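Each chain is listed here by its residues.
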Amino acid sequence: MSAIPLDLDNTLERPGERAPLVLGKSDLASITEQVCEIAERPRPSREWWLAFGTSASLTFVLFAMLGYLFWTGLGVWGINQPVAWGFAIINFVFWVGIGHAGTLISAILFLFRQKWRTSINRFAEAMTIFAVICAGLFPAIHVGRPWFEYWLAPLPNQMQMWPNFRSPLLWDVFAVSTYFTVSLMFWYMGMVPDLATLRDRARSKIRQIAYGIAALGWRGSGRHWHRYERAYLLLAALATPLVLSVHSVVSFDFAVSQLPGWHATIFPPYFVAGAIFSGFAMVLTLLIPVRHIFRLESLITPRHLDNMAKIILATGSMVGYSYIIEFFIAWYSGNPYESFTFLNRALGPYAWSYWIMFTCNAIIPQLLWFKRLRQTPGLLLVISIFVNIGMWFERFVIVVTSLSRDFLPSSWGVYWPTWVDLLTFLGSFGLFFTLFLLFLRFLPIVAMAEVKSVVPAAGLELGPHRGHGQYWGEIPHQHDEENER
Amino acid sequence: MRAMVDLGNEPRVLGEKASPVVRGGWLAAGVGLVAALALGALSGQGWRGFFFAYLHAWAFFASIALGALFFVMLQHLTNAGWSVVVRRLAEAMASTLPLLALLFVPIAVGLGELYHWSHADAVAADPLLQWKSGYLNTPFFLIRCALYLGVWVWLARFFVGRSLAQDTSGDVAHTLAMRRRAAPAMFLFAFTVTFAAFDLLMSLDPHWYSTMLGVYYFAGAAVGFFASLILFSYLVQRAGFLRRAITREHYHDLGKLLFAFTVFWAYISFSQFMLMWYANIPEETLFYLHRQEHGWGWAGLALVFGHFLLPFLALLSRGPKRRKGALAVAAGWLLIMHWLDLYWFVIPVQSEHATLNWASLALAVGLAGALMASMLHRVRATSLVPERDPRLMESLTFENA
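Protein chains in written order, with numbering that gives the first Met the number 0: chain A, 0 to 484; chain B, 0 to 400.
With the rest of the complex left out, here is chain A (with noise of 0.2 Å):
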């Protein structure tokens, strides 16, 4: 079969002509053999088993906070009158903002037919599920007596007792809850023929079983292919709303208050950028490594990187939008509380963690404009950490800044977190981290399916077919007919 050299620069797409999205040996059976080598190591290397150690270790000091908070109270953490929503919060609003990347890689990016979303998208959303597990920890655990959490279920009871409708607190419980369930089963219902490819060539009996049990009986015939492929659109285009709708009712939370900083209504949409956002970076952060760990420049190529960097690009842009209009706004506004706050972030008692979020998330990512720098992982890797850390930053200013100083300076407060907070916040990428690893050690790390439905060797360049994102034109340097399967 064909190969494309690696060093191809396919990130250069000449107009009429679609690059190549697979570079190298990229034939269906070393697409195959490449992924699957990865789950089927005897054991894992050195390097996992210390980055698992590291990551578990801080899973049991999750734990252990836990386990100290629900003994002890939620005096533990650093809040009070009149910041009352501290850690908890900023965490959860993080972490769900993460998790937004998988979907939109899986749901927008494939009605839009963005092909080059087939090398990123299951690694995506497998971060976007353990992502959205780290979330929905945190406002379980804020509630302060996490065995009355079944209270937030609307169940009929004796004491006539309900949920507030009313509150988009509540709609978080749903709209969360929601999000999870439908992105497991896309990420799941997507994984089976690839969990089906891992069953047949599994070796031992416990690898064939579990596999097995996995693949939920997939043959892979043309029946099959037909029914995944309608459902894979049908969930896609229910999923869509979903990106829109979680980091929405997220933005509720703050906005429907009258609270100076936190009532906007360009929230939802601004909350939603911030999601890609953030998402999109925790992706390259997790993606470069691995990438070059695992040896996957071949399916991940420097245009998947270059794609993303554009991404983050254009939803930073928005997020600095929104930053703009938001001070504009407080201006033009005229009401004294508004101006104060904008002015209070800026300057205020922490200002730094403002100008933190700004210099990360408005100013850093602008570099991306430069071709060079979108093409070096390295430095890519750099300014995802600092956009993780500005959004981040963005949630504590949202939170913090608006409640420690309201209305009446009488009133006013400070927060800092406690050792609990940091360690709680620590130990949630320790669980995050675990879950992760343990998805690259036994899990397709790729679609090899649909990474398959875009390479030469699916047939697209014999015939005018020109769907988006496939090849269209001369396809550089593959012709070389001995290598021929």
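These are computed hints drawn from the structure, not numbers from a lab.
Bear in mind the structure is a predicted one, so any value in this text is a computation, not a measurement.
Every clue listed holds true.
27 Å max Cα-Cα, derived DSS-like pairs, lysine-lysine:
id: 1; chain 1: A; residue 1: K451; chain 2: A; residue 2: K309
id: 2; chain 1: A; residue 1: K451; chain 2: A; residue 2: K24
id: 3; chain 1: A; residue 1: K114; chain 2: B; residue 2: K255
id: 4; chain 1: B; residue 1: K255; chain 2: A; residue 2: K309
id: 5; chain 1: A; residue 1: K114; chain 2: A; residue 2: K309
id: 6; chain 1: A; residue 1: K114; chain 2: A; residue 2: K370
Chain A is faced by these chain B residues, among others (derived, beta-carbon under 7 Å):
id: 7; residue: W130
id: 8; residue: V171
id: 9; residue: M211
id: 10; residue: V214
id: 11; residue: S270
id: 12; residue: L274
id: 13; residue: A278
id: 14; residue: P389
id: 15; residue: R390
Every residue gets a Cβ at the ideal spot worked out from N, C-alpha and C, and that includes glycine.
Position chain B against the provided structure of chain A, taking the given hints into account.
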């Protein structure tokens, strides 16, 4: 996969066939303008009704042209292949921006009638207006508007001009230049459209404010544009042009985008309403309170059903998006709804009670006629497709997989 269309046999230059429409357009422009002026002159309350109707009509047609500019830039930004066969039509719509800039003059003339903040005595009596007077004052307002219009005209001239230049030269450098400039152009577009919406629409009620308003105007503009593009394609094909070049596959995609932006508009307008209703802060709710009283509530309900629920159901499934007749009906309906949306925004400032401002109707006809005539006059000598766009082939054979 579809066999390729031989463009050589495809009628794609309007030529003399455009002349009757151009003449009809100028006639409609004359009749509409004279009728609106007569209505203004004969009304008992001076020119206030006329100027509000004019602002409404201008904001409506400008939104469509801006939507077209956005679409053209977006196609270059994303290097889109499917849309090439309809891009020239969008370019034609965007090229009405210079005429729209000229048509801005009556708004500048009517500033005193339109904007409460432009009166020195009103500002003197109102501390809020004094606070804002650094921004909301006549000279600065006019400078800003000139800037917005200048930017739009400049962007439209660049993207339309390069595309036309490529028809003759076939040089791919044009495509590359447009792709390079599309991203920074989006920045200019986002900020100019936002602040234009703040200045022209939000400041009609200078106490009211919403950070979302720029996005709201943009969402409506996109709905208005996609509806217009579908109608334009449909009419051009009815007249015998591009009959094989534009296929149901293209209509399908345009229908999807119309559907998507209809939902986006609903999302934005619901969020804006819900957040203001929920927080119930007087200076914000006043806007909606006024638009729920004196009959305006009916217009609002008409928008809920007509601008969202009905088209949502109508465009949800695949069938209607692939039948151009059905899609054209939905597009026409949404275009009227977009008109009503802006009417519901602008006219309540002028009239406390819900009325049909007849001048609004006359000006809708008048401006539509003028813009249509000038647009068709412009494009009649050029091809209706970007003849030598390198992605044309991809577009001609495009299929929704």
